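S.K.: Each chain, letter by letter, is given below.
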Amino acid sequence: MAKDRVLCNLRLRPRLLAGRPSQLILLLGIAALLGYALASGDAACGLSAMTLALVGSMVGPFTGGNEAEWARHLEKLLKSERDRMMGILDSLDEGVIMIGPDRVIRFMNPSMIRQFGDGIGSRCHKHLHGLEEPCRGFCRLPDVIKGATERWERRFADGTVYEIVSSPFADSDQTPCMLAAYRNVTREKLIEVELMELNQIKSDLLLEKTRELERISNDVDKLREEKRRIIRFLSATTHDLRAPLSATQSCLWAIMDGYAGPVNDEQKDLLQRSTRRIDGLLTLISDLLDIPRMEAGQLVQEMKDLSFNEIVDRSIDSVERLAREKNLALDAYLPEVSPQIRGSSRRLQQVLVNLLSNAINYTEQGGISVRVLAAEDEVRVEVSDSGVGVPPQELPKLFQDFFRGSNVKSDGTGLGLSLSRRIVEAHSGKMWAESPCPETGQGSKFTFTLPKKVGSGAAVGPRTASDAAPANQG
Amino acid sequence: MSQEPKGTGMGGKKILIVDDDHLLTRTIDLGLRNRGYEVKVIYSAAAAVKSLIQEKPDLIVLDIRLPDCDGWFIPELLRELEMAQGVAVIVMSVLDPDREMIKLNKPYAFIQKPFDMGEFLHLVERSLATTGK
Chain Z
7 MAKDRVLCNL RLRPRLLAGR PSQLILLLGI AALLGYALAS GDAACGLSAM TLALVGSMVG
67 PFTGGNEAEW ARHLEKLLKS ERDRMMGILD SLDEGVIMIG PDRVIRFMNP SMIRQFGDGI
127 GSRCHKHLHG LEEPCRGFCR LPDVIKGATE RWERRFADGT VYEIVSSPFA DSDQTPCMLA
187 AYRNVTREKL IEVELMELNQ IKSDLLLEKT RELERISNDV DKLREEKRRI IRFLSATTHD
247 LRAPLSATQS CLWAIMDGYA GPVNDEQKDL LQRSTRRIDG LLTLISDLLD IPRMEAGQLV
307 QEMKDLSFNE IVDRSIDSVE RLAREKNLAL DAYLPEVSPQ IRGSSRRLQQ VLVNLLSNAI
367 NYTEQGGISV RVLAAEDEVR VEVSDSGVGV PPQELPKLFQ DFFRGSNVKS DGTGLGLSLS
427 RRIVEAHSGK MWAESPCPET GQGSKFTFTL PKKVGSGAAV GPRTASDAAP ANQG
Chain B
22 MSQEPKGTGM GGKKILIVDD DHLLTRTIDL GLRNRGYEVK VIYSAAAAVK SLIQEKPDLI
82 VLDIRLPDCD GWFIPELLRE LEMAQGVAVI VMSVLDPDRE MIKLNKPYAF IQKPFDMGEF
142 LHLVERSLAT TGK
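Protein chains in written order, with this note's numbering: chain Z, 7 to 480; chain B, 22 to 154.
In short, the hints are calculated from the structure, not lab data.
If you're wondering where the values come from, they're calculated on a predicted model, not measured in any experiment.
Keep in mind that the hints are not guaranteed to be accurate.
[What the hints assert, rightly or not] Within a straight-line C-alpha distance of at most 30 angstroms, the following computed BS3-like cross-link-like pairs (lysine-lysine) qualify: (1) Lys459(Z) with Lys124(B); (2) Lys134(B) with Lys274(Z); (3) Lys458(Z) with Lys124(B); (4) Lys458(Z) with Lys310(Z).
[As the list claims (entries may be wrong)] Ranges between beta-carbon positions, derived for each pair: (5) Cys90(B) with Arg352(Z): 24 to 30 angstroms; (6) Pro298(Z) with Glu59(B): 41 to 47 angstroms; (7) Ala105(B) with Ser313(Z): 36 to 42 angstroms; (8) Phe409(Z) with Lys127(B): 39 to 45 angstroms.
Note that the Cβ used here is the ideal one computed from N, Cα and C, for glycine as well.
Chain Z with its partners taken away, still in its complex shape:
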């Protein structure tokens, strides 16, 4: 752009030069500035050339003055412009070099000299690259002289990297030359290399993490297989532990009921004590086998639509014999229309059986009642007894894992209530205990809630355990 502008100015001035030999100096000055303008690539230089041309146009018509004075004045102007141009070239960080078609360096700015040493008059390949012959393969000189503008990078032997921009340029004697700007990009390249290395490290890390994830995934698969194996083992163990106890329990119950002949009161009492011990052991086995599931947060796995009254009926059937043996009343108050809930039948039955068994175990006189209240959005279940109750200081710890109360009389893990609360919470419900029971002022009351499906009945009618349907049908 600068070059075009200066040439344009020059084309406007020939008539002013006619018959004034001293004005040739001005023309040369303009040409010199033109050279610097191209070398620096700075429009300011072009402007200076224009200024000089303007001066020429001003002094052109001046014919009456002293020629010598005019020449001094012109020299001063030229010097001023040259100093200005040199200042600009001096201040450039980039190195500027002009190379002639014979590969001789014609011009180097101070930055170029600082970086490569003064090589003006030397062959470029010798001075810049220490080569005796012109650079092969990467020398752009011929193409650039023909008019091409090129940009490339060159790494020198000491590791310095330069970005070089070269363009054609006519020297003051109109010799076609190559003007090139050298910018030291070593630091940028180092950063680039470091970035590449960092990226490589990042990819390596990613690869390592991916492999680690694969290893973890394999480990998880192995653990799953191990878990399946343990569950199979636990299932077999459950059977092997429960089978002989269950057979013994059924046998003792049959004897107690007179199927093997008359039983006197003392024999009956001994048999009852034996069956209670077996009950305790069966519960203990169930609780122990639930620990791994509880720790894995997998107590409740299968949720289905359920009719809640049926769960209460089956739970009562399970404990009815225990209550009968202790001559305790076992009453259930259920809604006429069974509330519909979503949950695990087996686990909710486990909760109710646990609460009812506890109530029976800690009650010697009176009875136990189960009351189911169906509100608009929840089912509320209350299990109350007339037993010994819970000491006030133990109420807050009642639902802790492995907590055993001070008045506990039977074997157990201390997990029953904790498991029950977890099961209820897994159904988005709540469970709590009160002692004494607020309504009766004796024993204790355990309450839990479960979210209800919309459309369940809310009417409540009394019923007794003997009204309950037989257990485990079909």
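Given the coordinates of chain Z, assemble chain B onto it according to the supplied hints.
M.R.: The following block gives chain B in isolation, referenced to the frame of chain Z:
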């Protein structure tokens, strides 16, 4: 349940008990004989198959865990032999009911051990009433 002296029940009905637990089979046998049933106790699935064909029982009381194979094999065999209509099956287990197998094999009832003899006999009586033999 109330005490049950020796009774007449549905005398003459044949019941096959298939379980390898001798204490339990003896207890069940005692309860059923008290009611006047004809009872045969079998301790393995292989012997049960033979007895099933020879004795043609009205009811099979079956443990699902037998020493030689899975007890569910028996209801499957009954279906294959087209005997399922005439023979009721009560399945027993100490484990929780396997709902899928129950749905597939449709036993008359599933009863979890331990169980009360009165409750069990009540179930037996009702199951025999359905076979209509």
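S.K.: Compare the structure with the hints numbered earlier in the document and write down the numbers of the violated ones, lowest to highest.
M.R.: 7
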